[in-house]
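> Chain residues, written in single-letter form:
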Amino acid sequence: MKPYLTNIAITLRLMARDRMAMFFGYIFPLIFFFLFAQMYEAGQGGGVAKQVVTSVLIFGVLGNGFFGAGMRAVSDREQNILRRFKVAPTTAAPLLVSWLVTGWINYIPSALFLISIGHFAYQMPWPERPFTLFIFMTVAVLAFRALGLIIASVVNGMQESQILIQLFYLPMLFLSGATFPISAMPQWLQIVAQFIPSAHLFDGLQGILLRQEGLDTQWKSLLALFLTLITGMFISVKLFRWEKEEKVKASAKLWVVAALAPFLILGVYQAYSKESINHAKVLQRELRRSRTILIREARLFIGDGRVVERGALLVRDGKIAQIFEGDAPDAKSLNAEPIEGSGKTLLPGLIDAKVQLTASKDINWSHSAYLFSGVTAIRSSGDRSSVILPLIEKVAKGERLASEIFLVAEMPVTGLTALEASVAPKPELLERSLVQQVAPKGLLDQLRPLLAKAPVDEAPLKTRMQTIAAASNNVAGSGSGQQFVIHGPGIHRELALLVQAGLTPGEALQAATGRAAAALGAANRIGMLKPGMEANLLLVDGNPLRDITATERISMIVFRGERLARADLFEPEE
Amino acid sequence: MSEPCIQVSSLKKNYGQMEAVRGIDFTVEHGEVFGLLGPNGAGKTTTVEILEGLRPRSSGSVRVLGFDPAADTRALKERIGVCLQATNLPDKIKLHEAMRLFGSFYQKTVDADELLKRLQLSEKRNAIYSSLSGGQKQRLALAMAMINDPQLIFLDEPTTGLDPQVRLEIHKLILELRDKKRTIVLTTHYIEEAERLCDRVAIIDQGRIIAIGAPRDLIANTFGASRIEIRFAQPLPADETIPHSDGAKTILSDDRTLLNITAEKPARAIVDFAKWVDQRGLELADIQLKHPTLEAVFLELTGRSLRD
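Taken in sequence, the protein lines are chains S and H.
1 is the number of the first residue of the first sequence in this note's numbering; add one for each residue after it.
1 is the number of the first residue of the second sequence in this note's numbering; add one for each residue after it.
Treat the hints as calculated values from the structure; they're not laboratory data.
Warning: the hint list may mix true and false statements.
[Unchecked claim] Cut-off 20 Å, straight-line C-alpha distance, at most; resulting in silico cross-link-like pairs (PhoX-like, lysine-lysine): (1) Lys426/S - Lys453/S; (2) Lys2/S - Lys108/H; (3) Lys108/H - Lys86/S; (4) Lys86/S - Lys137/H.
Hey, can you work out the whole structure from these sequences and the hints?
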């Protein structure tokens, strides 16, 4: 034990005297930190700051790993320093261990330092899983240092080591996701990234920081890193050379591959399961959800009947952070991206309390159509739970970007849209703009002749409207999925029919927002514009309180804090 | 202590096709200063590194302090001190740290500060390695070699590259060690060093020991006589006969200006030949008495100079 401790103690002292090591350990990452923080506007949300911190932490691990222990080993060998150790009664183990451990001791404070800067300068919350983070970082630093040591073991001379280190360092850096998101890479490069240890490192760190994932989720990456550490150390001890005169054969360089074998296996598994690619997508989503947005100068429909004629709403970290009546503070002072809302109305995301998803052929398509139409939550009715439950899980995990699905007991809903379609179908229903936008190719052409032939009897609809007008606790549900009712825009038609029945637009909207949320037992998090609620928002042109059809003129949708690129919602899933 | 400190027989070492050591035998007794003398590439360092347990041998048997260096490497390293050729320490390591670092590898160590004091490095205790002069670095290397209080110390070219004054300093330290009855194995290609420090010397050339013994005996055995050179201003007349002196042999150069005399009793011979020169009225250019040195022994045995 004594040689290990003494070696560590003295290597640490030497490191503290090494200005280059201190610069690359502490100052250099800081430069990158501020550079990245500027580039990605880290002030906009804790999530972005986490992303920046993750990237810079990765830079640190890679730099520390490849340029730390390995370079030191080669340069000590080249300078005939290791020769001196050879005459002592020792193996290479105390030296190797001290090089590993000192790098780690050097790295952990620098990581803490970066996280603190993220916290104090960019409002990044403290990591919620510090222990997991600590374990993961520890294994990661040690594993990458072990990789550096193997490179040192298999090269002859400084120049060769520089080449080999760059050969590993640069791809690991670029394909890690720390410089460029993996989910934005071409498919084949995403597959390649599954074999890159640094990509798993990045994925793991992001998961821990952004999604509070524990070791239970990260164990595969952690195990691969750990195996790399063990094989790396084993091979380094085996191949250790004390003198520069001892050369290794070119074939020895294959040992590096041996140490990376765990990642070869993990890569094959991931390429097959796409688990990690999905995870990267999820993390990317998490990141988009964490931005700060200020929607100002808009009319706010709160969801419980109240209306703020001119106000602003601040979204931060996926939640509604604050509501301002009248003037809002400057977006810059809130570190928010401003969105002009004048002439527009901001509503809580609409809720359709009755849809039957499995009535459609392409269930993914119809599910996506809801979010596209500003419907952020739906209640599935009459669907087989074996189909719905996996969808619910995917949405919850963030793997699928689509409306939240509720699977709760039957409840009375207004259901006018479905009734209208069955008793009094009108051809113009298919010509509504939103319907045209979401309907799958060819469907409308198939429906038009059928619709023209359908018999019309308005009486049942009128009767139902009277009942609804008399009730005070209506919950809006379109009954989409039935023939002639296209998935997605149904609730907009329902709102129009409710107004026709005699409800005020405000009452109708309440039935599709606040009251619907309460009926689904989710009034504590959706259905209202209230601080602390999920940021599910629908911004429409005009004033639906005067003209209810304005809800179909969608200007912007925010789902769980993410501004949706609506056109991308229908992208096919793998 | 019946067994010798070091016993080497038929030691061979090949590097691929190259035979670095071609079968050598010697023993080193306890308390002896033993020198391996030879030109660069003669196989000295290879031999010593085999004894230190740093290199495996190709064949032959070796015992050092009762251990086989190839098998009991660790136990042997624990008990010996080694001062290697051309080693370095990290630039920024402080002297006391270096002592502590290398001391940490041994079970038994002596007080590092005491050692530094003995090697006159006390005031440099907190200095960093790169600030030391060549002589100081070599003294530190000696101090480090003695950290485990070794009975046997290997010094591989301890003074190579040092200026003459520093070399004398190191010699003094080695002599002190000899007084303390440490066994020392020393390699060198400096003749004076071997003559001055070593009880016995083995002359190595091309992987073989070509002579072994006390420096004085080596000289005596090789030559058994001193050499006198007489140079004349003019060639000796053709009719001049060279006189006989007791136990002396003479050779006259072809141009008859240089007379080489090998004499068992050089003082007697000088008197005899001086008388002759005086009586014949010959004009002397120069007269020199040459005692043979190890250098001459080496030259005589190998036909090459040591410093080629």
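> For each hint, tell me whether it holds in the structure or not.
Hint check:
Using a Cα cut-off of 20 Å, the hinted pair lysine 426/S and lysine 453/S holds, with the two alpha carbons roughly 10 Å apart. Our distance criterion of 20 Å between C-alpha atoms is met by lysine 2/S and lysine 108/H, whose separation comes to about 12 Å. The straight-line distance between the Cα atoms of lysine 108/H and lysine 86/S is roughly 18 Å, inside the 20 Å bound, and the hint therefore holds. Straight-line distance between C-alpha atoms of lysine 86/S and lysine 137/H comes to about 18 Å, which keeps the hinted pair within the 20 Å bound.
Violated hints are absent here; each numbered hint is respected by the structure.
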